[in-house]
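Student: Each chain, written out:
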Amino acid sequence: MQKTWNNKAWFLVLPVLLIVALNAVVPLMTVVNYSVQETFGDNLFFFEGTRWFREVLHSDRFHASLGRQFLFTFTILMIEIPLGVIVALSMPKSGVWASVCLVLMALPLLIPWNVVGAMWNIFALPDIGLLGYSLNALGIDYNFTRQPVSAWLTVVMMDVWHWTSLVVLLAYAGLQSIDGAYYQAARIDGASRWSVFRYIQLPKLKHVLIIAFLLRFMDSFMIYTEPFVLTGGGPGNTTTFLSIDLVKAALGEFNLGIAAAMSLIYFLMTLLVCWLFYTLSMKGETQ
Amino acid sequence: MDLSWMAWTWQTATFFVVIGFLLGGMYVWEMARPGGDPRQGILGLDTTRGDRLFISLITAAYIHLAWLGFLTAPLWGATLFSVFVALLIFRWV
Numbered sequence: 001m002q003k004t005w006n007n008k009a010w011f012l013v014l015p016v017l018l019i020v021a022l023n024a025v026v027p028l029m030t031v032v033n034y035s036v037q038e039t040f041g042d043n044l045f046f047f048e049g050t051r052w053f054r055e056v057l058h059s060d061r062f063h064a065s066l067g068r069q070f071l072f073t074f075t076i077l078m079i080e081i082p083l084g085v086i087v088a089l090s091m092p093k094s095g096v097w098a099s100v101c102l103v104l105m106a107l108p109l110l111i112p113w114n115v116v117g118a119m120w121n122i123f124a125l126p127d128i129g130l131l132g133y134s135l136n137a138l139g140i141d142y143n144f145t146r147q148p149v150s151a152w153l154t155v156v157m158m159d160v161w162h163w164t165s166l167v168v169l170l171a172y173a174g175l176q177s178i179d180g181a182y183y184q185a186a187r188i189d190g191a192s193r194w195s196v197f198r199y200i201q202l203p204k205l206k207h208v209l210i211i212a213f214l215l216r217f218m219d220s221f222m223i224y225t226e227p228f229v230l231t232g233g234g235p236g237n238t239t240t241f242l243s244i245d246l247v248k249a250a251l252g253e254f255n256l257g258i259a260a261a262m263s264l265i266y267f268l269m270t271l272l273v274c275w276l277f278y279t280l281s282m283k284g285e286t287q
Numbered sequence: 288m289d290l291s292w293m294a295w296t297w298q299t300a301t302f303f304v305v306i307g308f309l310l311g312g313m314y315v316w317e318m319a320r321p322g323g324d325p326r327q328g329i330l331g332l333d334t335t336r337g338d339r340l341f342i343s344l345i346t347a348a349y350i351h352l353a354w355l356g357f358l359t360a361p362l363w364g365a366t367l368f369s370v371f372v373a374l375l376i377f378r379w380v
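Protein chains in written order, with this note's numbering: chain Y, 1 to 287; chain D, 288 to 380.
Think of the hints as simulated: they come from the structure by calculation, not from any bench.
Every residue, glycine too, gets a C-beta built ideally from N, C-alpha and C.
Be aware that a few hints might be false.
[Said to hold, decoys possible] Stretch-level coverage of chain Y by chain D, calculated; a stretch enters the list once three of its residues show a Cβ under 8 Å from a Cβ in chain D:
#1 19 to 32
#2 38 to 48
#3 93 to 106
#4 265 to 272
With the rest of the complex left out, here is chain D (with noise of 0.2 Å):
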């Protein structure tokens, strides 16, 4: 099959099988450690395991931009911050 069309890079692919390892993650996660189920959080929002992902999913994005609108250091920056706030978000969220 031909994907040329969808003019990939190896950085892109990284992108898509991270998040793609990552929802197979929160599978097995969830699977060997039940405890999905919905919490309330600081927030006072009931989340599940899920929702805390998406919320960090988009979170990151948003430090991503906020880093490429308002930073001239280097992007890994905003990814390193990206995963301490998901790993806040994860625990206290």
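Just chain Y, same shape as in the assembly (with noise of 0.2 Å):
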């Protein structure tokens, strides 16, 4: 039977469109246009051309914020992923503590970012702070407003107290999505708890698992508010990833024209990583 083929419902995006237009695109315009220029204030612009690009694209201090984004991506990805899925894995499969173990889980992601930045900030100080009081106590010397391995230690296991909570609602709700039929199947053939792991709980995971990648990817790329309330960028510029980067740039030194280029070279990563994470596992999915 021939289908019957009628385009006007796109009509009904119409508005969603306008909405994107206008808080996504004419913002983006907008950078675009400011960097190709220079401007010192009141509105004026000077065309400066691909100046900024070159400038940017040969910045050592743009290379290191950018490999400290990287470094900082990779790490908590390592981290929360498998840390999430066994968290998910231990978490009980019905009943009051079920629920318990939910709440508890969702309670970090409740909290404002700068929230969780003061908090770890006074958690951390080596003089009133519980942790870094206990640490220092214990004969093991921290303090990271002056130690970069501590500043990072401290920047990393704050995220992860922050965001694997997220990983582990979104393998949870994957877990137990799964139809008893496999665990029965597998009970029968013997299968060890590595195998029905392997076999039965990764792979109908995949999904949920590469939106958690993806959702901690674009967080962990754009972290701005609690690291800067953590270390402010510090000690020195170790942890000074490129949003931090970028609003130095921007507002602390009103390079308006550098910072709009670092914010295309920015968005043009995160869209190339979105697009190949979401085209491999789409490949995946229609073989």
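Hints given; two lone chains; assemble the complex.
Tutor: Below, the structure written as structure tokens:
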């Protein structure tokens, strides 16, 4: 039977298109405009061509903050994804404790970023913070305001504390949706705990883990508030990630052209990674 | 409507007009010669014409960045190279 082909339903998407145009496309266009100009304020702009892009691409400062950003994102993904799956696997499947665990898991997600930063700042202070004071009392020289390694450890721990719950909740939802028949079949075959995980749970979790990976990649790649409140990008520049560097350039130094060029390069990187990840996961799906 | 806050230049306006024409052109192309259904190319990906346009645009952006990062030659060289790569993408990917 011939299907009726009617494209008029696309008009229903128009309101969304308008909203997206206003809150995403127009600002993006403005950033593109800024990236080729110099300004000293008062809405006066001078055309500079590709100068800012060349400067950013050859800037040691940009390379350093980009390197730190990738290292941070890679580190937290390597910790949060496996840890989230392990916690989800060990949570009760039903009953009152399942609800208790879910609420406890959701708590860190409800806390605003700046509060998390402030909490960890106080928690980790070497003289009065519980973590900082305890570590020093144990003889471990720990001071996140002075030592780069301590600062990094604190930022990573803070992110793991704040966001592993998201992976846990997604993985838990994925685990709950697995049909009991699979486990029954595995028991009949005498499958080990590892085999059940490797051949039943992990494949079934693939999609939620892709979503968790994407969300955590995007979120950690543009992390700003938490490390800004905790370390302010220091000591020195050791925890200055891309977004902190960007804000320093744009608002601290009022280098709007350089900041716009940095933003566009930043945007292209995020776009490429998301597209690659989405395409590769969909490729696996269609085969 | 005062758009001076957006700091428009004719160069960036041309860039967005070209992108707009590309999107419009894709629509006209599909209307005139339907054939945008997914097909598998050399990368083993199922791509529609729209996907191939997206891949071409993002590749062009990276070619321009690489050109600015590694070469000192005029940027239109990167644009010409991007058009050539886009043709390859539309033909083979």
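Student: Has the stretch 19 to 32 of chain Y got at least three residues whose CB is nearer than 8 Å to a CB belonging to chain D?
Tutor: Satisfied; 4 residues make the cut.
Student: Would you say the stretch 38 to 48 of chain Y counts as covered by chain D, given the rule of at least 3 residues with C-beta under 8 Å?
Tutor: Our answer is that it holds, as 4 residues pass the Cβ test (under 8 Å) against chain D, meeting three.
Student: For the stretch 265 to 272 of chain Y, do three or more residues have a beta carbon lying closer than 8 Å to a beta carbon of chain D?
Tutor: Holds: 4 residues of the stretch 265 to 272 of chain Y have a Cβ under 8 Å from chain D.
Student: Within the stretch 93 to 106 of chain Y, is the number of residues with a Cβ closer than 8 Å to a Cβ of chain D three or more?
Tutor: violated (count 0)
Hint violations for this structure: number 3 only, all remaining hints satisfied.
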